[in-house]
Structure formats: C-alpha cells, structure tokens
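Student: The residues making up each chain are set out below.
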Amino acid sequence: MAVPNAASHLDFVVDPEHPDAEPFYAPSKRNYPQAVKGFYRSIKWAALVATLATYYLLPFVRWNRGPGAPGQAVLLDLADRRFYFFFVEIWPQEAYYVAGLLVLAALVLFMMNALAGRVWCGYLCPQTVWTDLFFAVERRFEGDLHARRAREAKGWTFDRAWRLVAKHATWVLIAWWTGGAWVLYFSDAPTLVRALATLQAPAIAYVWIGILTFTTYALAGHMREQVCVYMCPWPRIQAALTDEWALNVTYRTDRGEPRLSLKKSHAARSRGEPAGDCVDCRQCVAVCPTGVDIRDGLQLGCIQCGLCIDACDAVMSKVGRPARLIAYDTDMNVARRAEGKPALRRLVRPRTILYAVAIAAVGSLMLWRLTTRPGGALAIAHDRNPLSVTLADGSIQNGYSALVINRDAAPRTFDLSASGVPGAKLVVEGAPSDGTRVRIQVPGDDTREVRVLLRAAAPSGAATSVPVTFTVVNETSGETATATDRFETPAAN
Amino acid sequence: MDAKHPVEIDEFTGVATTGHEWDGIKELNNPLPRWWLWTFYASIAFATVYVVLYPAIPLVRGATPGLLGWHSREAVSQDLAALDATRGGEMEKLAATPLAAIESDPKLLSFARDAGRAAFADDCAPCHGAGGQGSIGYPNLNANRWLWGGKVDQIYATIEHGARSGDPKGHQGLMPAFGRDGILDDAKISHVADYVRSLAGFPAAKGADVADGLKVFQANCVVCHGADGKGNVQVGSANLTTKVWLYGPTKEDIVKGVWGGHGGVMPYWSGRLSEPTIRALAVYVHTLGGGQ
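As given, the protein sequences belong to chains A and B, one line each in that order.
Read left to right, the first sequence gives residues 6 to 498 (this note's numbering).
Read left to right, the second sequence gives residues 313 to 604 (this note's numbering).
Same shape as in the complex, but just chain A (with noise of 0.2 Å):
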C-alpha cells in the first residue's frame, strides 16, 4: 500500500484500494499560453479594443438634455434616483426596463449560443477581454513562454525580478484604471476624474476604485481561466443549450487522426498505412487560455476564442497540409464527413427562429412601452390609521397621501380629480381647491407628494367601502393618469 510523504499531504490518496486513481484534491496548474497569430486572433485583438474602448470612454460621451440636468450620455445617477441613457431617462420604478434588457441579454447570449457556440466567452466576456489584455502586458515584459521559461530555469536575477515587478505594476495600473473608469458612470466624469486627481472626490469613489483594482487584478492577473471553469455558471447553461447544429471550435476527427509525429506520418503513407492530419505539436494546447486540448472534443473549460484554430493553420501551412484542421464546425458534420456525406449547414431551424421571435417580441415591447410611456403618473396611497374620520359635522372624510409624478423637463401642472363617491368634495393641502378638482404644480423632471382629504356625506348604514378613482390630467399635454384605492365610510351611529 503506497504511503505518500507527509510533506505532500495535500494530494492524498483516498482510496486505499485505488492507489493509482485521480487524487480528489489537485492544486491549479500555471497556465502560460504562447502568443499566436492569424484570422481569430485579429478579431480578438478588435473585439478587445472596441469593448474596453466602449468602457473606458463611454463616460465622456456627452448628451445635451437642456439646462440644469446632466449632459453625461449614460449615467446612473443614484443620488437622484435617475438612469441616463442616451435619450431615455428611467426612473427607480421602472426598473422593468432594467429587468426587460436582462431578458434581451438573455436571449440574445442564446441565439449566438446557438449560431456559433460560445462568442461571448470568446471575444466579448470581461473576463476574456481583460485576461487577455494582461497576457499581453505579461508577454510584453516577460517575454513569450519559452523566454520565459529559460528565465525562470536561472533562479531569481536582477532581470526577471525587475520584469515581475513592471508586470504586476502595470497590471495595477490597468486594474485601477477599470475601477477608475466604472466609477465615471455614477458620476459626471470629467468632474469626477478632476475631483479624484485633486483628492477631493467623496470618500466611496475611492472605496470603488479600490474594489475593482482588487477584482480585475485578482480575476484577470492570477485567477484567469480559473473563473471560467470554476466560477461562471454560464458555460454549464451553455452546456444545456447547444445541439447537433451549433458551430463550435472542432477538431476535426476524421482528418486528424490517427494523430502521428511528422515523420511517423510520412513513413506511415509511404507504408501505405492510415496517417491522419495531426502531427501531435500540441500547439493547440500551448495557445490556449483556457489551457485545454480541443482534441478531446467539446469541454467545459472551452471558451470558443478560436486561438487553436489560428495555431493549428499555422503549422499546417508549414507542413503542407489544407488549413482548418480545427475548424468551427459540428460534430455532426464531423460524422457525416466520415461517413462520406456532404457537411450541412444550417441558420434557420426551430430554435433560432423561436429565440429570433422572442428576442423581437421583447425589444418591440420595450420601444413600444418607452415611446408611449406618458410624461405623468399618479400614485395613491390611503391612510393606514385613521381608516375614516368622522368630521364636526357628521361627514366622513378620508386621506390619501398622492405621488405626482413630472418627467417632463418643463414644470407642470396637473389637475387632479376623484371619482367614484358621489358629492365628494377634494381638498389638497396647500393647493387651491373648488371641492372637484386641484391645481397641482410639480417641477420638472421631479414628484410632489400632497395630503388628499375627500369629503363625503354623513353615513346612514352599515360600515361601506368603495372604490374610488382619482385621476390627474397634464394641462400642457392633456395626458391623464389614473390610480384607485377606496373611500371607508364607517357604520352610522
């Protein structure tokens, strides 16, 4: 029975029995992937600096939305409770707009799913975007992995210490620049970027600042492909989601195998014996971020990116053999190749139409819902306690607390009505009355709670309660709100 030394404890056996199976604890391996080049590898490069391009200076954008509210294009402005994009402005309460674009955002990660498998942890997830921008300042000071290698192999010296240290610092200074710029979308930002470069920016910018300093760094710098495996539950949804259709990053089975080094090749043709494509470089492997073998098929830990197919045509070339031995195709096709039928494609099928369907169903629902909502809204809100009160002389009056709501830029003023209990008379504190209707004036872009009493005769029976409308019509536009609650009469003593 094997006993392993204690000072390797940690990688135990657990099952006597089984000396020899997969240890269940396994510490990470360092992943070092070598830089490539070629079709994929540009597109990332493009994807990589249009997305961070988008984040970093998104916050500059300005918009005019007229004098004395904020000229930002997109900001979260959440000391007065506004998001700002563009040329929609959305209140707290309609955070369904926010819960519609996750929807969208949903459904939108689905039909790429289902077009070209996982795009978005390829090219557009942060975490692949920015992972790959610290590679690059990695390979930049410590040079490609083979440099790099050969400087470790020597121990600790002057040059590699220096270079560990420029990378980490660097690093730093990217993922400080992340923090810096995600905190420009609370906030004006070139206010803000003079407020923080002067210290006098508020106290919780720079305690945001320092979370994402923390978390690109951390995610992007050290935990890398871990978050992908280990972390995002997104490739087991997609896991769950692809079929027989979808184009994935594929090894080509039925060209490559059975894989044989460059020169076992050869003598196996000149033999007249099966050689496949593969000549076993392992390139595929050594370029990967994820650090898997996309010859053992579709996996988790596959983020799609397309690398290995750059890498793979690359030796290819070399070799003399057609490209696109990895390829992005289906393992459908794979078959079908093998078999000596011709390869199908295929766009249109019941899914991609469902999730098309779905996805314009819900965009249209959320253009239309914005480009009708109207300028003004109402809410009620009857007194917990008193129900009623019994006035001097014998009528009953009931409160409401009303929330009139302005979103027009301009001031207005709302004419506010109630129906539903007959001969009641309306009174606002603070607004002049005529007992039916009230000339409420709220500021722009802004609400005006007011105290409602309504005024009803005296009771003559049993406790009742009806409802009532109250309504409120926008003396500029004519557009009317309406809420309900109701009107509690007690029982007649």
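None of the hints are false.
Cross-link-like lysine-lysine pairs, in silico, DSSO-like; alpha carbons within 27 Å at most:
id	chain 1	residue 1	chain 2	residue 2
1	A	K430	B	K555
2	B	K542	A	K430
3	A	K269	A	K323
4	B	K405	B	K463
5	B	K463	A	K430
None of these hints come from the bench; they were simulated from the model.
Given chain A, put chain B in place with the hints provided.
Tutor: Below, chain B alone, put in the same frame as chain A:
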C-alpha cells in the same frame, strides 16, 4: 507526547494524530491554515493597538480612556451636529417663515410635514395614535373640531405650552365635577345630558326631560360652553353641537363627564423640542385633515 504516548502517524496521510479517537475515527493533527493563523495574529496585533488607543478595559467606574480620548457619546453628538448642518438651510427657513406662510410654499410644506411626521411618531403618537387618530380622552387630530383652536398658530401654541401642563402660559380651563362636588344631583345631571345630546342632534331617549335639562344648562354650563353650546376656545370648552366627542357621545359618557369632570393633560414641548420642530409639528397636525 511522551514515551508512554508515542506520536501516532496516520497511515494514509502521513500526518500525526492528536491521539483523540471517537468510534474508530481519529483526529489528525493538521496544521492550522496559514491564512487563518496570520489573520489570528493580525487580530491580536490590532487588539493590542486598539486597547492602547481607545477606551477598552472596563473599570469600576467607566473604562480606561485610551490615548486618543475618543468617546462614543461625543461621536454621536458630532454626527447629530453634522446631520443638523446638512439640514441647516431648511430648518432655519422653517424657523424664520411665518407659520401661515409655510403651507403656501410647496417645498417648505413638504419638508415641514416630513420633519413633523418624524417628531409626531416620537413624541405625540403614544397618546394621539400613529395617524393622529386619538382615542377616548385623546383628541383625534384629523377631525375639524378643536378644543383650543384649529388654526395653525393656535395648534402651535397648544404644542408649545400644552394644556393643564404645569406651564403657566399653557391652557388652564377644565370641566368641573358637578356631581362629585355636589353642585348637581343625579336627576339634574341626567336631564342636562339629555339636553346636550339634543344639541348635537341625537334623538331624545325615552323619559328624557330636555326642558329641565335646558334650565340646568343655562344655570350651570353657558358660562363656558356658551348659550348655543358651541364652546369657547379661550377656555377650551367643548363644542357640544358636533358629531365629534372626545369622551364618547352616549348619554352614559356625558353623564360621567358632568358628574366627574374632565381635564386631560397635554404636555408642554417648549424647551423639550427645538423651535423648528414644534413649528413643523404644528404644520403637520394642521395639514392632517382637520386644520382650520
């Protein structure tokens, strides 16, 4: 561990055991996780510094003061001062604006109602109820009947000085105990109660002697309640002609009041609450629904 108890090495892991065994399960003597150990050491270091700088060790009276001289009560008063400073403008405006003018300024009215609502929940709700709905003996502040006047400055004066509160500036009048003090006999009290109910428009009960009640009323009650029974805010006498009854509208309720008198206490709040807070309360109560 000694010669009698040699260190036992676990066969599979190569780790020493602690020698503890439960039903054949042995406890391994694994080292503490390093991150945990360092956090533990860091906590000890932090605690040492903390004990020197801040109040820490309890003594018979108080605690060791700490080098920084920090005090939690001082910190609270600083926080409160900072809070006051953030409200500064509005509170001062509230104190400077004439009471009647506050309600015609929507922004100031909203601020006063919010401040008033908070103060009401703290100081008034125990008697008047969370919504100012009152109960027997405690006025409903939503109704438009006021013993001491329902204009905003009258409400302000009542909050400021109270009623029968011990404040010499407060309201003093009270309802005498006509029965207990032997001024009226039970029959007269019953008759006057019948008359009072008729004033409020209640139908006369069987055997009611409203005519005698009127005589008793004129002889004893008009001084305070007035010939028409509509009361007088100067002395806090109730208006007997309305449907709002502080002590209940039944004949029994009224007989009880005439026999034993009434004189509930409203505390004075001047000196206990700040001037702007009392003004905010006055505006809040005035706009509850019964203000005049």
